[in-house]
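Numbered by UniProt numbering, the letters in the sequence shown go through residues 1 to 121 in order.
Keep in mind the hints are simulated off the structure, nothing from the lab.
A couple of the hints might just be wrong.
To be verified - Below, in silico cross-link-like pairs of lysine-lysine (BS3-like), each with a Cα-Cα straight-line distance of 30 Å or less:
id, residue 1, residue 2
1, Lys93, Lys71
2, Lys58, Lys17
3, Lys40, Lys17
4, Lys3, Lys17
5, Lys3, Lys18
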Amino acid sequence: MKKVVLKLELYDEKCKKKVMRAVSGLEGLDSISMDMKDKKLTATGDIDPVHLVGRLRKLCRTEIVSVGPAKEEKKKEEPKKKDPKDEMLELMKSYPALYPPMPAYYYVRSSEEDPNACVIC
């Protein structure tokens, strides 16, 4: 997870819509936020900052302010209760049914099945 902060030169809402449309199409993007007061775009997710900037430079002037790991909130994990049904499912998943492969049949056509056959000359 990366957090990328970019400074953009945006002039109006139309440019902002174009930027958001271009950025939202990227794979691995979790969230996008735009601060119009400071003209900064913050994107988090598994994205390549160079690819992101390359796509945005087609629309407006773009500078990278910072690239770093995204801060993740720590979540408390609840202890999981084991059900007997879950154990049976794990056993069934660990040994899937194996089917033998289909045998390969080879067909050979011969133009001379019987060389002593009748020939019309």
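Going through the hints against the structure:
1. Lys93 / Lys71: Measuring from Cα to Cα gives roughly 35 Å; hence the hint is violated.
2. Lys58 / Lys17: holds, 14 Å
3. Lys40 / Lys17: Between lysine 40 and lysine 17 the Cα gap is close to 14 Å, so the pair holds against 30 Å.
4. Lys3 / Lys17: With a Cα-Cα distance of about 21 Å, the restraint between lysine 3 and lysine 17 holds, given a limit of 30 Å.
5. Lys3 / Lys18: holds, 21 Å
The structure is inconsistent with hint 1 alone, although it conforms to all the rest.
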